[in-house]
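Novice: For the sequence shown, the working numbering begins at 1 and goes up steadily by one.
These are calculated hints, taken from the structure and not from any lab test.
Keep in mind that the hints are not guaranteed to be accurate.
[Said to hold, decoys possible] With a straight-line Cα cutoff of 20 Å, these simulated DMTMM-like cross-link-like pairs (lysine to aspartate or glutamate) come out:
#	residue 1	residue 2
1	K84	E63
2	K220	E285
3	K220	D180
4	K266	D246
5	K220	E297
6	K134	D270
7	K134	D104
8	K142	D246
9	K103	D67
10	K84	E214
11	K142	D270
12	K72	D93
13	K142	D180
14	K220	E198
15	K142	D73
16	K266	D305
17	K103	D44
18	K142	D39
19	K84	D104
20	K134	E285
21	K41	D73
22	K230	E296
23	K41	D67
24	K142	D44
25	K103	D93
26	K42	E63
27	K103	E115
28	K84	E115
29	K42	D73
30	K266	D251
31	K220	D93
[To be verified] Quick list of the computed label-pair ranges, beta carbon to beta carbon:
#	residue 1	residue 2	range
32	G203	A111	27 to 35 Å
33	Q217	A45	21 to 29 Å
34	Q217	P289	26 to 34 Å
35	Q168	H197	15 to 23 Å
36	A166	Q217	19 to 27 Å
37	V57	N293	18 to 26 Å
Note that CB positions come from ideal geometry on N, CA and C, so glycine has one too.
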Amino acid sequence: MNDAPAKIAIVGAGSVGATIAYACMIRGVAARIALYDVDRKKVDAQVLDLNHGQQFVMPATIEGGDDVAVCKDAAVVVITAGAKQKPGQTRMDLAAANTAICKDLLPKLLAVAPEAIYLLVTNPVDVITYVSLKISALPAAKVIGSGTVLDSSRFRHLIAKRLRIATQNVHAYIAGEHGDSEVPLWSSATVSGIALHEWAVPGHGKMTVRDRTEIFQNVKTAAQQVIEGKGATNYAIGLATAQILDAILRDQHRVLPLSSLVRNFKGIDDVCLSLPCIVGRAGVEPPLPIPLNANEEAGLKNSADIIAAAIRSVGF
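Using the sequences and the accompanying hints, generate a full structural model.
Specialist: Structure representation (structure tokens):
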């Protein structure tokens, strides 16, 4: 039997929610996975499809329904429900509609899973994380956004591709908003312990200013490229969310660039945005004191201002 701990509940059985469940099955993240969606036909079909694959993964109980009670006693509740980003839209364009959905959903979820950690994936994730924190009145450690975990994965992939090395050997973060104002932390980026700005390995190139500009532009436009081609992003965010869930449920104390409440970080206060944080079974810890150069610090403050304005625009 699967010795993975606890139960996760995923709110929203669309492409993102179902892919998160699928990724969790493959990784053996949880012993029980519940899908909740108001569309009973869809959620039943997703659960059936997932259960048909049980032979090929570590055993887990997969259930679902259109009654919020299916989320009862979850250790982590993942919220993916909300209006989806369309071609030409920014994530911030979704703020008002998805805030309204959270206002309706969260009290119902808290009634059945009051002790859970809440992991927000719905966009704009930084705004929705802050809104959810205020609506729920939960401790800040227990309300987490998926943040720039996916952006950072895209960032590392493109750096690795340029230098012709394995992505796993690149350590670099995108910080701030999961969106247009995000900030690449070039100054702290390393490759196998070598500072990226010092990397000059024969046959593996050296990062130029043009390379950096192109890489960051591709990170920022990656979601739109996928959305324009197939209508939605799901595989990479599914894998990213499964990793976050693994870190929480197995108490890994993994460092991930998650969106969480920031207090007095280099002049930034009372806003949710992404910085490298340690995450485990108790939730997310305060951001690590990662070094920033002057441009990165200014970019992070600008990103915080944009998120704060969006939070105010939805009444919080």
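Novice: Hint by hint, say whether it matches the structure.
Specialist: Each hint, compared with the structure:
no.	hint	verdict
1	K84 x E63	violated, 24 Å
2	K220 x E285	violated, 27 Å
3	K220 x D180	holds, 6 Å
4	K266 x D246	violated, 30 Å
5	K220 x E297	holds, 19 Å
6	K134 x D270	holds, 11 Å
7	K134 x D104	holds, 13 Å
8	K142 x D246	holds, 15 Å
9	K103 x D67	holds, 17 Å
10	K84 x E214	violated, 27 Å
11	K142 x D270	holds, 16 Å
12	K72 x D93	violated, 32 Å
13	K142 x D180	violated, 26 Å
14	K220 x E198	violated, 25 Å
15	K142 x D73	holds, 15 Å
16	K266 x D305	holds, 13 Å
17	K103 x D44	violated, 25 Å
18	K142 x D39	violated, 28 Å
19	K84 x D104	holds, 17 Å
20	K134 x E285	holds, 18 Å
21	K41 x D73	violated, 24 Å
22	K230 x E296	violated, 33 Å
23	K41 x D67	holds, 13 Å
24	K142 x D44	violated, 29 Å
25	K103 x D93	holds, 18 Å
26	K42 x E63	holds, 13 Å
27	K103 x E115	holds, 19 Å
28	K84 x E115	violated, 28 Å
29	K42 x D73	violated, 23 Å
30	K266 x D251	violated, 28 Å
31	K220 x D93	holds, 16 Å
32	G203 x A111: 27 to 35 Å	violated, 59 Å
33	Q217 x A45: 21 to 29 Å	violated, 38 Å
34	Q217 x P289: 26 to 34 Å	holds, 29 Å
35	Q168 x H197: 15 to 23 Å	holds, 20 Å
36	A166 x Q217: 19 to 27 Å	holds, 23 Å
37	V57 x N293: 18 to 26 Å	violated, 44 Å
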